[in-house]
Amino acid sequence: MQHSVSIRDLSLNFGNVKVLQHLDLDIAQGEFIVLLGPSGCGKSTLLNCIAGLLDVSEGQIFIGGKNVTWEEPKDRGIGMVFQSYALYPQMTVERNLSFGLRVAGMKKDEIDKRVQRASEILQIGPLLQRKPVELSGGQRQRVAIGRALVRDVDVFLFDEPLSNLDAKLRSDLRVEIKRLHQRLKNTMIYVTHDQIEALTLADRIAIMKNGVIQQLSDPHTIYNKPVNLYVAGFIGSPSMNFLQGQLHGGAQPTFVADDGTSITTGKYDFAVAPAGVTKAVLGVRPEHIVIGEAARSMPFSAEVEIEIVEPMGSDTLAWTKIAGHQVTFRADSDVHLEVGQKLLVGFDPARGSIFNSETTNRL
Amino acid sequence: MTTEALSASSSRLLEGPHGAKPKKLTISRIGVYAFLVLAALFFLMPLWVMVVTSLKGMPEIQMRNLFAWPSELTFEPWIKAWDTACTGRDCNGLKPGFWNSVKITAVGTVFSIVIAAMNGYALSFWRYKGANILFGLLLFGAFVPYQVVIYPLILAFRQVGLFGTFPAIIIVHTIFGMPILTLLFRNFFVSLPPELFKAARVDGAGFWQIFFQIMLPMSVPIAIVAVILQVTGIWNDFLFGTVFAGRENMPMTVQLNNIVQTTTGVREYNVHMAATILTAAVPLAVYFISGKWFVRGIAAGAVKG
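These protein sequence lines are chains A and B, in that order.
With the working numbering as the guide, the letters of the first sequence map in order to residues 1 to 363.
With the working numbering as the guide, the letters of the second sequence map in order to residues 1001 to 1305.
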């Protein structure tokens, strides 16, 4: 099968600093890939390498089956959208859209046709004669997307396109980017540090740290079966609860927390059946903790005291301690919770994640 | 009901300060203003003396009422300074020098700014190998004393047969304007979002297309600063004009000096004053017209965004 974008053993060094280390990534035709990670993890650098704006130190980049490692950005068949919009301030929207086509020496009527089509798709027709300063942030980002659109390319690159917008606009434009992808069916590579954007948009997410891809998977797997402690802690808000302890292998493996609380792992799907005793971390998502009567039927339950209550509107977040560790859980917003209240909580470790404390990898 | 609520709320005010704080004129304020006015008058004094002297006839000047308004107003010295004042043997006034200065200033300004803008653009966006070293060397040029370079420059121009010609003076002004102008443009371009440059590259624009179609139209504010710096700098130049321009292209400053230094007969103070004001008029006008732009441009170059 031919990949739309294929990155092979890619490394990039700035002097002695290794920004990207031996990256391999194959992206299928029409796939929406999100590169997710904290700032400084190399995700934007990788995108710039794919765009041809940075020269790589080692490795190869293929786009549409063609080796473009040494090609100029314009010859790679890509369009790019930047966080700061990067619209040419002294040109009208129309001229911003058509700049690349004019530079390429395209015929006037073909340019008009393409600008027309892009402005229809993005609904920026009425703005064509305005200058970028006269546009709102959302409109500017639409024009920036349009500039990639008119180039009629196979691969779209987004470099944190929504990070400069306020929360409401961000969610609006997020849906619009998704709609655009469903309509155009182009390959899209999208860089963000916002996990909600990643989870909602991506076919697959690549989580990066220190220039290395930690996990490349669909959002569901990333969220429910993180491969290591880093991914588990990075994805999810509020983040996953971690209990430190030891895992005792055997016919029925048991997790024993530091304070001696014993939790049977039940139907937990181990990659390799554990043997002996390993130092381990049990991770449980806040929404997987149930309260009240439902907790009784869970493989693990305990009575706890509520320390802090944070009403979020859609649900309520409560802080407590289980097995000596700080734990948060989500409750329905209609459930009345009070500080100091004693309450039965429970969870099923099979829905959680268990990691080796030393290697930090999932067990 | 609403009005009731409003009036009720206004009656809720208690005794004491309310609303905007009143502006009071205190004694210390008056003192500060008085000092500022006096200082301004003091610094205006030479200009006043020059203007009134240039409007007097010679007999009145010899009566030595330096600050007095002329009893008999005359514009004769101004006309003489412009048209018939003598520099050595020629008696054409400042006129030829003025046009020489206009030529040198116009061509020198445009030439140096275009080159400096290109320098700044290349140094900030196309970070080629050694760009920082080159920039460092260029900045170092700003600290080289003129005297050190003049003699080698004279020899070099002699070698290529340009000494004492119009191109020579233009080249000299371009060279000596380069460090500060390049710094100005480089800092301006560095403050622009780098994404702009990246977007243009993705759009397929090359070195010159990005420069002329995107960067140059954006650099108007900094270009105005550069124009002000160069126009006043080149216009006021005396040293390079005397050394490199040659007799044909003597700028106005050199000619002014020649008029003032001419020692035959009586010293015509009124003509000298008029000639000096005429020579200073151009930079003065530039500052008056563009003062606001100047501050704006400097600020734009120094601060981001």
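It should be emphasised that the hints constitute simulated quantities derived from the structure, not laboratory data.
All values derive from a computational prediction rather than experimental measurement.
Ideal placement from N, C-alpha and C gives every residue a C-beta, glycine not left out.
Watch out, some of these pointers could steer you wrong.
Per label pair, the in silico range of CB-to-CB distance [as the list claims (entries may be wrong)]: (1) B/1127 - A/29: 51 to 61 Å; (2) A/133 - B/1079: 33 to 43 Å; (3) B/1079 - A/95: 35 to 45 Å; (4) A/22 - B/1140: 34 to 44 Å; (5) A/203 - B/1127: 53 to 63 Å; (6) B/1293 - A/123: 38 to 48 Å.
Computed cross-link-like contacts, SDA-like style, restricted to lysine to any residue with a CA-CA straight-line distance of at most 20 Å [what the hints assert, rightly or not]: (7) A/321 - A/294; (8) A/279 - A/362; (9) A/66 - B/1213; (10) A/74 - B/1227; (11) A/267 - A/362; (12) A/178 - A/123; (13) A/74 - B/1209; (14) A/74 - B/1213; (15) A/107 - A/95; (16) B/1129 - A/267; (17) A/131 - B/1213; (18) A/74 - B/1065; (19) A/209 - A/11; (20) B/1129 - A/95; (21) A/74 - B/1208.
*Among the hints numbered above, which are violated by the structure, and what are their numbers in rising order?*
Hint check: 1, 2, 3, 5, 9, 10, 16, 18 and 20 fail, others pass.
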